[in-house]
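Sequence order for the protein chains is S and X. Numbered continuously in this note's numbering, the first sequence closes out at residue 503. Numbered continuously in this note's numbering, the second sequence closes out at residue 619.
Source of the hints: derived by calculation from the structure; they are not laboratory data. Nothing here was measured: the structure is a model prediction, and the numbers come from that model. For every residue, glycine included, the Cβ atom is placed at its ideal position computed from N, Cα and C. Treat the hints with caution; some may be incorrect.
Claimed, not checked - Residues on chain S that point at chain X, a partial pick, calculated with CB under 7 Å:
1) 251
2) 252
3) 442
4) 498
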Amino acid sequence: MRITLPIILVAATVGLMGIGLTRFGRAHVGGTISVEEDSSFAALTPKPTTPELALTNLMTAVQRRDWDQAYAALSESSDIDKQAFIEDWKGSNGSLRAYSVLEGYEPHPLHITDDNAEIRVHIRFASPVGPIEDVRDIHFVREGDTWKAVWPKVHIATVPAQVVPVTYLKWDLVTGSSADLWGQKNVDSPHVRITSMTAVNTAEGAVVMGEVVNEDTIPAFVNVNATLLDAAGNSIDEETSFDKIDHVLLPKQVTPYRVDFPNVDLKRVKSVRMDEHATLVPASADPVIGVMNQKVESDVQGKAVLEGDLMNESGDIVNIPHVIASFYDSNGKVIWVSDGYVDRALLPQSSEPFAVEIPRSVASRVQNFHVVVNHYNMEGS
Amino acid sequence: MAPTKPWQEKSSKPYTLKQNPNFRYQMGTTTTVNTAQSYSRPVPLLVIILAAVAVHGPLLLMQLPTGSYDANFHMFFASHYAHHWFDPWNEKWFAGFSQTTYPPLVHQWIALFSEVIGLKLAYMLVQMIAIVLLVVGVFRFARIWVDDRAASYAALVSIFLGSLAFLAYQAGQLATITSAALYLNALPYFYEWITESGGRSLVKGVAIGLAAAAAHHVTLIFGVFFFAVPVLWTACLDAHDERVSGSLFGVLSRSAVFAFVVGVGVAIVLLPYWLTMIQHPISQMPIPHDSRSNFLFSLPIAANNFLIPYGALILALPFIVLRGAASRRLIPLLLGFWMAVIFGLGGTTPLPRWLLGRAYEVLTYERFAFWATLLAMPLLGVLLVRLLDRFQTKGAVAIATCAVATLGAALWWLNGNPTRPTGASDVQPVISFLNRDGHDAYRYITLGFGSELSEVSTYTSANSVDGDYNSARLLPEMTHYGSAQLTDAKFYGSAGMASLRAMLAHANRYGLKYIFVHDPFYEPLLTFVGWRKIESFDGGAITAWSKEDVPPAHKIQSDAVPPAWEGLMWGILPMVVSFLAIFLELLLPEHRRSLLPVGISLAPQSEQHFAA
Chain S
123 MRITLPIILV AATVGLMGIG LTRFGRAHVG GTISVEEDSS FAALTPKPTT
173 PELALTNLMT AVQRRDWDQA YAALSESSDI DKQAFIEDWK GSNGSLRAYS
223 VLEGYEPHPL HITDDNAEIR VHIRFASPVG PIEDVRDIHF VREGDTWKAV
273 WPKVHIATVP AQVVPVTYLK WDLVTGSSAD LWGQKNVDSP HVRITSMTAV
323 NTAEGAVVMG EVVNEDTIPA FVNVNATLLD AAGNSIDEET SFDKIDHVLL
373 PKQVTPYRVD FPNVDLKRVK SVRMDEHATL VPASADPVIG VMNQKVESDV
423 QGKAVLEGDL MNESGDIVNI PHVIASFYDS NGKVIWVSDG YVDRALLPQS
473 SEPFAVEIPR SVASRVQNFH VVVNHYNMEG S
Chain X
8 MAPTKPWQEK SSKPYTLKQN PNFRYQMGTT TTVNTAQSYS RPVPLLVIIL
58 AAVAVHGPLL LMQLPTGSYD ANFHMFFASH YAHHWFDPWN EKWFAGFSQT
108 TYPPLVHQWI ALFSEVIGLK LAYMLVQMIA IVLLVVGVFR FARIWVDDRA
158 ASYAALVSIF LGSLAFLAYQ AGQLATITSA ALYLNALPYF YEWITESGGR
208 SLVKGVAIGL AAAAAHHVTL IFGVFFFAVP VLWTACLDAH DERVSGSLFG
258 VLSRSAVFAF VVGVGVAIVL LPYWLTMIQH PISQMPIPHD SRSNFLFSLP
308 IAANNFLIPY GALILALPFI VLRGAASRRL IPLLLGFWMA VIFGLGGTTP
358 LPRWLLGRAY EVLTYERFAF WATLLAMPLL GVLLVRLLDR FQTKGAVAIA
408 TCAVATLGAA LWWLNGNPTR PTGASDVQPV ISFLNRDGHD AYRYITLGFG
458 SELSEVSTYT SANSVDGDYN SARLLPEMTH YGSAQLTDAK FYGSAGMASL
508 RAMLAHANRY GLKYIFVHDP FYEPLLTFVG WRKIESFDGG AITAWSKEDV
558 PPAHKIQSDA VPPAWEGLMW GILPMVVSFL AIFLELLLPE HRRSLLPVGI
608 SLAPQSEQHF AA
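Okay, chain X solo, but in the shape it has when bound:
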């Protein structure tokens, strides 16, 4: 591992390897040490990666994310790229929509892998890569503030983060995880560039940053405030206190250069996305989301959005706040963490709504809790060092117990969450029905299918007027009522049912002939508005309904169809930046910094006061 910088938060017991100036990442090195020694040195990065694979690999091989909210959505997008790489116009949802409304990188990687291992395994593989990148990113990000030992502990426990398990296995937010992972890996290069002006750092930081943007746009936008600003602030402090070679002016000017290059790059790489957003800004009615609720009024929502994502990290919050405030250099990190926590509380506090305005109603806030836990990792690493130094084996057992309990609780919550909509049990008969006897000449919707709507859409040749991506909707029946997917209409109350009624009223217009029902709640409506039950599947769990006088579906004209050149850009540039990032990492190994002139070490003065 790289030598500890003098300003980094140090372990109270310096480890011997640190004194070797030629020490590199100890990939797989085995050394016989006693227990005390083993607790006083960093965990090799290879071990951390293997631990991540060991913990999450089996869960992914079990295809646990397939039951999540968004995994099928990502696979649906990927499936389209696998068949139409350069044509982002997808007829399967909303009577046609553009996939340029969502950054494509993770979907395109899934599409690539799916050619070899199939769609679901490709998703799992990309998810595994994202998790590995995340723990590596946590390690590298934490090293901006703390020494290698604390950073390695932070990376190790990040494998067990409740928020990570929540996003991976319940929310299925693959793009958010991937983008955050890439972002964490880009920021150390950003720090190195602005403090030491290394050209390699600039190139690699920009490439990885662009890849992060190509994976998820929201992470890019908010990552600037929650991640990049603390790093910049810290770099300014380091420059001001002469802990780095660059001057304060140099730090700021190089930051501007970095921001400009990344800004231009993102504008180009995601140009079709920006054009789509300019042409059709998100102006639909706000859609309710539990993460926008006041958590104090509902235990399931509080558990879902706070207790489960933070897990045992809640126990460390006092230390994180006190330790973060004790060191001037850690204050930017602490404030970034605090802001992310407040945003992660959604509607519990009014601050997100005040700061975001209209955008507040568009965003969901579970991702902020994820970012908050990532921002807490460096400080948590310091705490773990303290615990291990003081309690040795007992401390290790306690830490391991907390970590496993946090991950275990998140996995238990997959079934324990009482508000989680249940999807259809077996959608294969629905897919078969739509794919036979010319039924795909008409459009269809599902009711009560949850995220299985995306699975049906992925494997059928028929098109739907519904879909599982709110920002891509343009049909007035869906945008005017403040509800999300038609398949979950009842969860949006009168607004949801009004949207569904509007769509059913225009069934003839859209060629909407078939409705698949997995919730008897909708049957009275269908009966009264003229649909008749025609078939049952899965022992009556799913019923098919039809309306007689519906003409075959025809293409709905839309001004949102992207031109061919946008399709080419969309199919080429995101993959190019990700390949560029990979090759730069391989071809330009990390620059080994020599120890810089000794600055002011902030650790000792505070460690005595806030030992755990």
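This is chain S alone, in the form it adopts within the complex:
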């Protein structure tokens, strides 16, 4: 026992740690998301003898933000320098990607030969505005007895310094007391009106959507609340438009809105009570973001999407653009409202592509669409 027991304990410990490294022994729930760079225990990384292993090593290194190891997983034939590669993952200029952390990925091999492989990777980022999905087709080549990724050249916009005249309207609030909180100014609320409302059933629950217009001559901060009522007039559920609305409306501006009621069947609903709440706020027409080249297409996964380009016509960086699109049928009725965030910043006088998804059941009925662009700008950017 004097020698046997220590041997048993050490062997059991090592064995259990070994099992812990396998898929069989791996915990389902690990730690929190690290936002720090961590290159520890890189030596445990297996040799990339298959394209799948090469992908795993690459994505694991990116997840840990171990950029040295991630860049080392690229083939020398890659047409990208290290800084551009890092920026491709980390983002820049306060964009949504710069706030995001790679959370997971799902590989789907497209084809694999002895020396080449193509793997489609569904990448999921955690971001402040929710999960962001990305799809990339990554090419792998065999170099000796290992596989490496061929990373395509990344176009990083660089905008030379220029002077852009600001001629847009701007509304400021002049208040009597600095102690007044926002939204508690001693003035009448702007007049806003819900111009359309449609309720539909979806697989996820009931959806109420439509459009709101600011009919006043001053800017308004708008929230739309909806309450579903049953036949007895009792409230079934109450939700808000949340981020599926452009909250700041300039005079005469129209925004789509959508209110989701998860797990509520519209058959139970007798009526919907709408409540739009508007407050006077300071606002500016700047930055002007143009929407160009809009068209309904199918993406690589076969889903119907509304694609286009956002053009920043101002002299400031727009850090996070948010696209909200309303879709109309042949009668001009709003049949769906979609939104999507653009994970690259809009540089001055530059454009970035966008795409918002259209449900399959709606796509065939879409006759027209209207896009508004909301945005977030970092202070000082």
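Using the hints provided, position chain X relative to the given structure of chain S.
Structure of chain X alone, referenced to chain S:
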């Protein structure tokens, strides 16, 4: 100190005081001895206690634990008891929750002391008492296996344990430390009762055991397996080998009696807790925790959960395993230690997950490393005796260096840990904002505040929908997504942000009007979902955000509100058992056992083989 029992692991050089059958704890006795003599006798318990106060007292007076993860949480709970001793329903978190979801003893003691010295100093005082109880407990626990000299060394070095510093100053797990300390003090009585059937031991062991349960429930449950089972196993071996007066049947039957009495006592003392758990079992989505990770994949996590807690004890692991295996009597202790080490490795091995099932996802595993180090103390004491006997002053210097380095590393890690979330710098303006102009008519949340959320909650009259205690949450926005506090939502990835989005979407429902942001990460979300920045504090480090159309908060109906009789029980029984334990210790001094008939001494045969 009490005479060494013949079966206890002895020093290789017997000390002279041992031969005095009337020798008691040498509290403050001063004797002129030469260096060799001073290394060959036990350290008086009073000296050990004073050393504990000397080492940890200044750190606690500096209020070092206030920056820990959980210290503010404990003070928040204590603050509620200070104001509403018999009403455990607390409206300040989660739109209302019951404090019967967490055993109250340490919080109630802090609340009591806070009436005199204030909340923070009261916390520090209770923490100091817990540390003193811990080193005394280590001494008494170690004496079950080793002689007084080794036990005293074990107690002395336990002051410098990295795991203790980690829990006290980084994790802020006051309840875990207190409960473990009480548990270690109860177990010798358990051993005495089952081997010698002394009625005093039964009464005192039960009282201290109940106090331990009233301090922390998880320690009680797992303490049975990691601490009590090795003690019981050892007692069985002693009975079998006739080293104690009791028979094997007597040991087992008295164990059953002890377990029954403690079981009934715990059921009564913590009845409101059990009722709450039965009514609302913890069924929320698993929340990620670093201690559940595989340490092999992250150096910071490995350092945080293994290197720092164990410190220089890692160097002693070979001796602990070899020495523990060399003596039949030490094997239960060794196996308890090994199991605690494996559990302390969290997700590095699959064993905890296999054994605990669903509970694996609920627990955190840093406490197991703490228990492992406590279980290692008796064997470490034997090693220290060997080192001092062989190397005298050089050995003492080496031991002291290792001890100080271990504690120092743990204290350095408070700032060196790269994954430690940083809290808000100064939350006083936030507290002032909430307490003025009727702002407390609405609920609020903080984002990026870390454990400072609890500090804000403690000192403001406003209520929050967030909170820093996962097991008390009942709101679906928080339990359905697999994330912990909203204030740290980003660290839980998409799950955390989904939980935060769900809460923001229902802001009107909860009267959630104000959000305080100490991390610009959250600002895009707030902007897009309809909040507007209204004020800045602390030079812009903290910003206040508001949503216009939120109605004032109203009381959220809950079936978790404990009835008044539970509040009375909760306010009375835990304090009663702790007072009972104190009075029994004072009124019934420790029974001085005479030397029992000589049994089989296990020490000599093995000492020759595994000398350090």
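task = Please write out, lowest number first, the hints stated earlier that are contradicted by the structure.
result = none
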